[in-house]
Structures are given as structure tokens and as C-alpha cells.
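So the sequences go chain by chain: A and B. Position 378, counted from 1, in the first sequence is what this note's numbering calls 378; the numbers after and before it change by one each time, with no gaps. Position 233, counted from 1, in the second sequence is what this note's numbering calls 233; the numbers after and before it change by one each time, with no gaps.
One should not assume that every hint holds.
[Stated by the list, open to error] Derived DSSO-like pairs: lysine-lysine, alpha-carbon spacing no greater than 27 Å straight-line: (1) B:K64 to A:K170; (2) B:K439 to B:K400; (3) B:K21 to B:K442; (4) B:K109 to B:K49; (5) A:K378 to A:K359; (6) A:K258 to B:K442; (7) B:K38 to A:K479; (8) B:K37 to A:K170.
[As the list claims (entries may be wrong)] Over 10 Å on every C-beta distance to chain B, these chain A residues come out as not near it, computed from the model: (9) G169; (10) E298; (11) P325.
These aren't lab readings, by the way, just hints derived from the structure by calculation. Positions of the beta carbon are idealized from the N, C-alpha and C atoms, including for glycine.
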Amino acid sequence: MNYRMIAKSIGTVLCIEAACMLPSLLVAFIYQEATTVPFVVSILLTAVVGLALLSIKSPISRLYSRDGFAIVALGWIHISAFGALPFILSGAIPSVVDALFESVSGFSTTGASILKNVEALPKSILFWRSFTHWMGGMGVLILMIAILPSVNASTINIMKAESPGPSPGKIVPKISETAKILYTIYIVLTVIQVVLLLAGGMTLFDALIHAFGTTSTGGFSSKNASVAAYGSVYIETVITIFMFLCGVNFTLYYLLSKRNLKTVLRDEELRFYFGIVFTAIVLIVLNTSGTVYCTIGESIRYAAFQVSSIITTTGYATADFNIWPVFSQLILVLLMFIGASAGSTGGGLKCIRILLLAKIIKREIAKINHPSAVQTVKINGRIVDEETLSGIMAFFFFWILIFAVSVLVVSLDGKDLITSTTAVAATLNNIGPGLGLVGPMGNFADLSVLSKLVLSVCMIVGRLEIYPIMLLFLPSFWKRGNI
Amino acid sequence: MKIIIIGDGKLGYNLAENLSKENNDVTIIDKNPEALKKAGEYLDVMCIKGNGLSTQILLEAGIKEADLLIAATASDETNMVCCLTAKKLGAAHTIARIRDPEYADELDKLKADLDLDMVINPEQAVASEIARLIEFPPALNIETFSKGRVVMMEMKVTPDMSIVNMSLNNISKWTNAGILIGGVLRDGTVVIPNGDFVIKQNDTLYIVGQPSKVVQFCKRIGIHVQRIKNVMVMGGGRIAYYLAKYLDEMDIKVKIIEINRERCIELTELLPKALIVCGDGTDESLLHSENLTSMGAFISVTDKDEENIIAALMAKQNGVQKVIAKINRVNYTFAINNMGINSVVIPKLITANHILRYVRGLQNAMGDPIDALYRIMDGRVEAIEFTANEHTKFLDTPLKDLKIVKGILVASIVRKNEIIIPHGSDVIKADDKVILIAKDKKLADLNDIVEPGV
Chain A
1 MNYRMIAKSI GTVLCIEAAC MLPSLLVAFI YQEATTVPFV VSILLTAVVG LALLSIKSPI
61 SRLYSRDGFA IVALGWIHIS AFGALPFILS GAIPSVVDAL FESVSGFSTT GASILKNVEA
121 LPKSILFWRS FTHWMGGMGV LILMIAILPS VNASTINIMK AESPGPSPGK IVPKISETAK
181 ILYTIYIVLT VIQVVLLLAG GMTLFDALIH AFGTTSTGGF SSKNASVAAY GSVYIETVIT
241 IFMFLCGVNF TLYYLLSKRN LKTVLRDEEL RFYFGIVFTA IVLIVLNTSG TVYCTIGESI
301 RYAAFQVSSI ITTTGYATAD FNIWPVFSQL ILVLLMFIGA SAGSTGGGLK CIRILLLAKI
361 IKREIAKINH PSAVQTVKIN GRIVDEETLS GIMAFFFFWI LIFAVSVLVV SLDGKDLITS
421 TTAVAATLNN IGPGLGLVGP MGNFADLSVL SKLVLSVCMI VGRLEIYPIM LLFLPSFWKR
481 GNI
Chain B
1 MKIIIIGDGK LGYNLAENLS KENNDVTIID KNPEALKKAG EYLDVMCIKG NGLSTQILLE
61 AGIKEADLLI AATASDETNM VCCLTAKKLG AAHTIARIRD PEYADELDKL KADLDLDMVI
121 NPEQAVASEI ARLIEFPPAL NIETFSKGRV VMMEMKVTPD MSIVNMSLNN ISKWTNAGIL
181 IGGVLRDGTV VIPNGDFVIK QNDTLYIVGQ PSKVVQFCKR IGIHVQRIKN VMVMGGGRIA
241 YYLAKYLDEM DIKVKIIEIN RERCIELTEL LPKALIVCGD GTDESLLHSE NLTSMGAFIS
301 VTDKDEENII AALMAKQNGV QKVIAKINRV NYTFAINNMG INSVVIPKLI TANHILRYVR
361 GLQNAMGDPI DALYRIMDGR VEAIEFTANE HTKFLDTPLK DLKIVKGILV ASIVRKNEII
421 IPHGSDVIKA DDKVILIAKD KKLADLNDIV EPGV
């Protein structure tokens, strides 16, 4: 392990984080809030630690796969810890565990909150909360790759460890260019949404908060009632569409900008994603109209928003789905696990994995019919190699295993079954609200310290797709001459 | 520049590595995902799995905006078709590796018909490199500039040489040879020396000058320069074939040892003047019976690196003056550096250097054309030849008045038939060929050698 290089990278990330706190400081300044001093202190603390780590000299700049994983895992733990500073220092969230939970929830774009009354918080704190979403959505380390000039080929290992999806790749030959393109798409989407929300009558502050929450598929709002507070069909439509768009693989937007519409429309994952969203909306509309909602129009409005919100793992809510029929609720729970597309800002297992798992099942069945047939699993007409397939199966099992173990620990709180399971599902898949006590109108405040810590781990594990964090628990990973 | 490389073999990987380091956008296409894995892991390039012959794959790789396509698959025909397709799809330039001697004679016609910008034949390139080493025996390595009017010779300092412990100033006074020591490799560090630099034994020197002056210098410092008259070549592959042809032109007798009888018979037809011996080149008694000890040079060019090294060592022990071994794996060079083999040639590096030179030339089509480019000391130093023209900003300015960037040395100026080893008062004029030695820099324009803003 290249410890010096890892420390240096973490230092860089912390410096970037300190710079990212500046807009929040500006907000504190504009609204003349008492949080100015806590922000200044947080920025200085983060920057000092960052610069100290950055000053470490590393003779070898080569990073191997395991170094990339270590940088991502430790980097995320550090930014989450330092990201909690403003919450603690400003007194907005006095408990350290709570502040950490909120910070992790922000960076991992989960959107689960322990706050009962969001509207009472200073605006700068709300802004920072949402800005952590925006940073975490595309990835802080990818931001580092995009803005740092000295990027060598081995940083691909960092990108591989941070980007979601079974086989994250480059869009263009150079990794720094790839990172820049991804961020450009991300920024463009954010800006368009801010403009559209402003047109719908939101204030600039609220528009920014909700655009950050949507494009990163995070889900923090500045209102207690989330997006429902506005009661505007226009705003709900804009957010629904952008949630959906941000659950699409960002590579496809690059292809679109290259006028390669054909490839985009033929993309199997996109079709699968769209199919699931459409089916889920239709089923929920059929199930809820006439029972919960009087008109079909109303059903469509709420079903579309909730489905987009859950499948992209955003977690905004306009309806309390705790009162929906069980069938509709279960559809939402299933959507939680499916998640968005690979290469998007969303979480969950990712559509591509589900699609490939379905294809593996299909092949297994076909094998019984034609035992000697040679069959390969293809996606977009290309063969997916067996190594990737077995990797996906192992990943799926690992995901379920972590889910089961976490549910077991959380159940120690003695909350009901629905609350315990969906609390884990909502955090592991980076959604935010679950069902029961942690439903859209509830929050995570009443859980025990142990549960909050476990759920915090779940959020990072879910965002980084298990392996980087799990490697930290492997003793031989830390040994100098590991074999 | 946007460059697409088809075929992630030894050459393809090496090219991708060097081109991506020079800040080009490189995409590699290969059918074999295993081959791509290494490139994807270690290089900042894009890997696409697929057949380079397929239009769809080429389009996916962005052939329309590509500045250059290099086809380096195992098959000549595939390479030709790839280049043809690429050109039709919009690639600006194409380079194909075509190695079959059957094509070699019609290469010019093929090049024109297929609209290829460059054809590279690795075996031929290697053979020509070996032939140059034979022509100039004291050199571990030799590169030529300005059509052979200036050479750069790599030489190792042995304890018996008279220049050991002398400073460069003294050497130039003492030998009065009109040569320049442009670079020194000592214990793995690269030095661009100045006049006070003292030569130690085991240094590797890079000497620039006119061929006759360099020979004179060698004689002065006590190296015996004897013309090689006969050469034994082990292995009768394509390199041996091209090499025999070159050596024949130089009036050197060639003896080829080849293990495969059918190939021997083929060679007798292809190379009527050479003596073809059928046998195992690592068999010492065979080598002795074929008079190894009286050979001027021994060259091992079989497919197996290990056999080449062993045979070369055997030849060295038997007192052959000049021993050259071909090695495919770069990793071996460090291990065999001090084993006594005079020169090691690595085909993929030679080929890659040819292509890199061409690419660098393309990059600055607007600036000064590059006439020659050699990468020495593991690529840490480049020797590069430019032609000065009206765009050159410092024409007719004495060199001592120029603020030349650190690590760059003006090694020679070739003005018509005159060759100048420059001093402070010399000037660069239009149409001069300027030979530079640059450490840790990638020069693309002659104007880059002076500090900006001066």
C-alpha cells in the first residue's frame, strides 16, 4: 500500500471540501446568520488538516487497485466526518452521532434525516446539507480528478472504486477529460433545473436546494413536508422529470451531445429502466385510484412522483405512502432495491445488475432445455464476460447479506418489522424515507445510537457499492507486505 | 491528437504507453479482452473490445475525428484493410505494420494504392539498426542525423581508456577531434554535461559529431576500430533475411545458422550469397566448427530471448569483438546490461520510435518539421533534429546571447556541407539543420528551446 499517496489524496479531498464550504459561508453572510463563525472555523479546521496531509511527500505516485479503494473509502469517511463539523459547531445538531448521520446521509445522497423540524434551522446549514448532496452525487474524488492537473493513468483505480455500476469505464480516452465531461453534464442539468424551478415561483434559495437534492438524487428539502409543501403541479412535474433524468447513465447524455441518438435509444439498460418506471406507475395508479385518490389524474401525479423518487433513490415525497395499499407499498420497496442506472447519480443495486441477473436466470433455464448449448449473456449486442457475471452474482448476495445483518442489528431497537426493514433498505439503497416510522412524513430521530451508526455505515457502503468499505475491515489489507 | 491503435500486442501497448504520455487521446481496439485489461489498468487510454475491421467498432472509437490510425495486429492483411476502411471513414492519417517480405518489394505500390501514410516493417527496421551497428563497431548504439552526416554514438567508458578522470574541457583540448559529448549516463542518472564534468569509468557516453571525427576520437582514446568483414547470424527468420541483404550491400560476408532445414532451403534461394548452416546455434561445437572465433561479429536473432542471450554470451566468451542480441522483452535489458553483450536490440522499441517520430512530426505540422528523433537512456533523453526556417525566432543570434532552457543542448548545426559543433559565438541560420539533446522534455518546435519571453 502506498500510504503516503493515500494520505496525500485524502488531503486533497479535504482541501476541496473546505473550498466547497465557502458557498455556505456566503449564504450565512447574506442572511446575516450566527453560523458565520462556525463555518469559518470548520473551513479552517478542514483546510489545515487537508494541507497538512497534502504536504506529505510521496516518492512513488503509482496507485494500484487496492490504493484506489483505500483512497475512496478513507476519503469518504474523512469528508463525512469533517462535513459534520458545521452541524456540530453551529449547534444545529448538537449530538455528534446525529451530525455524523446527517453528514453521511448528505454525501451518500441518501436524504435520510434525523431532524424533526427542518424549517427552524439556519439557511446556511440547510444549504450546506444540500450542497453535500451535490458533491456526493457525482463523487468528490471524481471532482478531484476533474480539477487537478496532475492526474496519471493510475487514478483510473480511484474512479473505478467511486463510480457506481459493475464495470465503470471512460467516455473518452483521458480520465481527466472523462471526469470533466461528467461534471459538465451534471452542472448543466443542475442549472437547467434551477431555472425551471425559478420559473415555477420558487425562491432562488429553495430552487438551489431542490436542484441539488434532485440532480444528485439525494432528497434533502428545505421544507418539513418536502416537495409537497409547494402543492404546485408544475414544480412536482419538473422535479419528477429531473429525478428520472438523473437516474439515467450519464454516458448516454454524452452520446446525445454527439448526436448519437440511435445508440442511446437502443441502450438496453435505458429501456429496462424506462420499462420498470412505466410499469410501476401504471400498477400503482390502478391500485390507488378510486381508493386513496379520487381521480386518475391525481393518482398519476402522485404515483409518477413517488416512483421516480424511489427508483432513482432520491427520496423526495409529495404523498404519504404509508396510507397507500400494501400492494403499492411493496412495489415501492422493490423499486428501492432495483435503483437507478449504472453511471448515474442514483443508488441501489442498479438496473444493469438486475437486467444481467435476469439474463443469467434465463440462461440457466435454457441450459436445462439444451444441456450442450453454448450460450453467452449479451448486453447491447456485446458479450458480457463470465468474470463480470459472477462478480454481479457475488455482489447481489453480498448486498442482501449486508441488508440482513443490518436489519438484525436495527431490530434490537424493538421497532416494528416494517420500520426496521425499510429503514435499512432506505439507507443501504441511498433513498431516504422508508415506511412506517421512517416514512416520508417521519424521520430517523427516534432510533438508538447503535442503529444510527449502523445505518450510517449502510449509507456509505451503499454509495460506494460495498467493496471499498468492506476492504477496510480486512486485516491483510492493511499489512505492508500483504500477500 | 486523437489516435486509434488497433491491436494491443507488444507494439500496440508500447505505442499506447508512449503516445498517451505525450498527451494524446489514445483508443486501443483489440479482440482479446485479456490483452486490453493491462492497458485499461495501467494506461490512461480508452479500450474497446472488438474487431478493428468492423466499421461499427471504428465509428465507436471515433474514427471520424481521428487524426491517426495505427494498425498493428498480427496479420498484415488485417492491418491493410483496417487502414483502408479507416481512411474511407475519415481518419486523417494511417500507419500499417506490414512485415511479410513478400509484400516488401511492392511496398511503394501498396502504400499508394491503400493511401497509407506510413508503412512500418519491424524486422526491416531492426535489421537496418543492426547493420548500422556493424558498420560502426565501437558503438553500443548509433543514430544518424542529416542523412548520415552526423552520428550520435553510445559508448561505454572502460578503465583502460585514456579519458578516464579527465574533464570534458581537457578531453576536447587533448583529442582536438571536433566532437561533443552530449549526454552521460552514470549509475542510472542522466547528466547533460558541461565543460567541467569529469568522466569516470563505467559511464555511458553519447558522442555527437561527423562519422569520421567520431572514428578519429575513438582511435585517439584507445579503441581499436576495425572494419568487420564477416558476420555470423543465429536464427534465420525475417530479420536475418533483411540483415543479410543489408550486409551484402556493405560487402560483409554472412553466415546464417538456422535449425529448421526447410527454412534453410528457402534461405538458400532467397539469399544466394550467404552461407546457410543447418544446426542449433546454441551448440558450442557447431559454432566452433563454423569458426566462431574468427568472426567479426555475432548476432543472435532467434525467436527466443533466452537462446539469444545464451548464444551471445557464448560468442563473447569465445572472443568475438562485436556481439548483438535481439530481445523481445524489455524487462530483460536491466538484467543483462552488465553481462558483456555489446548491444541489445529490442524490435518493439525500434518500431515504436519510428512511429513516435512520425507522430511528433504530425503534431507540429505548423511549426518546424522534425527530421529525426531518437529516444535514448530509456526515453529520458531525446536527440532531435529540426530544420530552422523563417519562423525560427532567433536566427543569426549568437548562442551565448540566447537564454536556452535548462536541460537542452545544441549538439550540432549542419549548414550545407559544413558541420559545426557549436560554441557561444555560433549562430543558427535559416535552412540549418539543428541537432538538439533534450532531457525530460518533449520538444515539438525549435522555438521551444529558448525561455519564453526572452
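Verification of the supplied hints:
no.: 1; hint: B:K64 to A:K170; result: holds, 19 Å
no.: 2; hint: B:K439 to B:K400; result: holds, 20 Å
no.: 3; hint: B:K21 to B:K442; result: holds, 10 Å
no.: 4; hint: B:K109 to B:K49; result: violated, 32 Å
no.: 5; hint: A:K378 to A:K359; result: holds, 8 Å
no.: 6; hint: A:K258 to B:K442; result: violated, 32 Å
no.: 7; hint: B:K38 to A:K479; result: holds, 25 Å
no.: 8; hint: B:K37 to A:K170; result: holds, 14 Å
no.: 9; hint: G169; result: violated, 8 Å
no.: 10; hint: E298; result: holds, 45 Å
no.: 11; hint: P325; result: holds, 47 Å
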